[in-house]
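Residue strings, one per chain:
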Amino acid sequence: NAGVTQTPKFQVLKTGQSMTLQCAQDMNHNSMYWYRQDPGMGLRLIYYSASEGTTDKGEVPNGYNVSRLNKREFSLRLESAAPSQTSVYFCASSEAWWTLNEQFFGPGTRLTVL
Amino acid sequence: AQKITQTQPGMFVQEKEAVTLDCTYDTSDPSYGLFWYKQPSSGEMIFLIYQGSYDQQNATEGRYSLNFQKARKSANLVISASQLGDSAMYFCAMRGTNTGNQFYFGTGTSLTVIP
Numbered sequence: 017n018a019g020v021t022q023t024p025k026f027q028v029l030k031t032g033q034s035m036t037l038q039c040a041q042d043m044n045h046n047s048m049y050w051y052r053q054d055p056g057m058g059l060r061l062i063y064y065s066a067s068e069g070t071t072d073k074g075e076v077p078n079g080y081n082v083s084r085l086n087k088r089e090f091s092l093r094l095e096s097a098a099p100s101q102t103s104v105y106f107c108a109s110s111e112a113w114w115t116l117n118e119q120f121f122g123p124g125t126r127l128t129v130l
Numbered sequence: 003a004q005k006i007t008q009t010q011p012g013m014f015v016q017e018k019e020a021v022t023l024d025c026t027y028d029t030s031d032p033s034y035g036l037f038w039y040k041q042p043s044s045g046e047m048i049f050l051i052y053q054g055s056y057d058q059q060n061a062t063e064g065r066y067s068l069n070f071q072k073a074r075k076s077a078n079l080v081i082s083a084s085q086l087g088d089s090a091m092y093f094c095a096m097r098g099t100n101t102g103n104q105f106y107f108g109t110g111t112s113l114t115v116i117p
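Each protein sequence line maps, in turn, to chains A and B.
Just so we're aligned, residue 17 is where the first sequence starts under our numbering, counting upward by one.
Just so we're aligned, residue 3 is where the second sequence starts under our numbering, counting upward by one.
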């Protein structure tokens, strides 16, 4: 099992460029998440998807959009990148809320916006 | 509101000694899960251990154990026989039945194991 995969691993953008971060999980999980982690800080939730067809804002959604393409895939789009979006982005997945089970994380995408 | 507090930004421990990383939480959910994750310098988030709020016994996974004190709302991670590879950031997290799909993370504790 690959678990949670993310592409790309690294990306450098110029201010104003757009890009999509891809995430896929093969654990048949209902819920998927996008977090950002800034240096020396914890995780901040950008968006999450409780199930296929639903998405909800987290703590820091501004400047991002998401798409839950199917049960496996959850993408994060930056429409017009800004230097403040330089961060490490983690995708995660988990079973449905009533299980109270853990999240599984992808390896992260290190994004630099110049 | 759900909140996780980790009050130790940095900790040092001698190799082969035990160390306790503190975590307190605040929730009104009737049942919830508590988690610890390890983030080494390579950056990945590694799940270590889980404690359910209704579990009668403290969780253990190898050298990791969770000292769960429900009345005090604390879920401290105990690492026994520390190894150099334990040097990493450690995050405490929680999810509850009412807040369901969201996980709440603490700010982390940086552990350094000294040879």
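Careful: at least some of the hints might be erroneous.
With a Cα cut of at most 30 Å, we get these calculated DSSO-like pairs of lysine-lysine [as the list claims (entries may be wrong)]:
| hint | chain 1 | residue 1 | chain 2 | residue 2 |
| --- | --- | --- | --- | --- |
| 1 | A | Lys25 | A | Lys87 |
| 2 | A | Lys25 | A | Lys73 |
| 3 | B | Lys72 | B | Lys18 |
| 4 | B | Lys72 | B | Lys5 |
| 5 | A | Lys73 | B | Lys5 |
| 6 | B | Lys75 | A | Lys73 |
Listing some non-contacts, in silico: residues in chain A with all C-beta distances to chain B over 10 Å [unchecked claim]:
| hint | residue |
| --- | --- |
| 7 | Met43 |
| 8 | Asn44 |
| 9 | Asn78 |
| 10 | Arg84 |
| 11 | Glu89 |
| 12 | Leu94 |
| 13 | Arg126 |
Keep in mind the hints are simulated off the structure, nothing from the lab.
All residues carry an ideal CB built from backbone N, CA and C; glycine is no exception.
A quick look at each hint next to the structure:
1. Simply put, Lys25(A) and Lys87(A) have alpha-carbon atoms about 22 Å apart, close enough for the 30 Å limit, and the pair holds.
2. A C-alpha spacing of about 24 Å is found between Lys25(A) and Lys73(A), which places the hinted pair at or below 30 Å, so the restraint holds.
3. At roughly 29 Å between alpha-carbon atoms, Lys72(B) and Lys18(B) fall within 30 Å of each other, so this suggested pair holds.
4. Distance check on the hinted pair: Lys72(B) and Lys5(B) sit about 15 Å apart at the alpha-carbon level, within 30 Å; holds.
5. Our distance criterion of 30 Å between C-alpha atoms is met by Lys73(A) and Lys5(B), whose separation comes to about 18 Å.
6. For the given pair, Lys75(B) sits about 28 Å from Lys73(A) by alpha-carbon distance, which is consistent with the 30 Å threshold.
7. Remark: the non-interface label on Met43(A) is consistent with the geometry, its nearest Cβ contact in chain B lying 12 Å away (cut-off 10 Å).
8. The claim that Asn44(A) is not at the interface with chain B holds, since no C-beta of that chain comes within 10 Å of its own (minimum 16 Å).
9. Listed as a non-interface residue, Asn78(A) keeps its Cβ farther than 10 Å from every Cβ of chain B; the least gap is roughly 18 Å.
10. Distance check for Arg84(A) against chain B: the nearest CB is about 12 Å away, which clears 10 Å, and the non-interface claim stands.
11. The non-interface label for Glu89(A) is consistent with chain B: the shortest C-beta to C-beta separation is roughly 17 Å, beyond 10 Å.
12. The claim that Leu94(A) lies off the interface holds: its Cβ sits roughly 20 Å from the closest Cβ of chain B, which is beyond the 10 Å cut-off.
13. In this structure Arg126(A) is not separated from chain B by more than 10 Å, as the shortest Cβ-Cβ distance comes to only about 8 Å.
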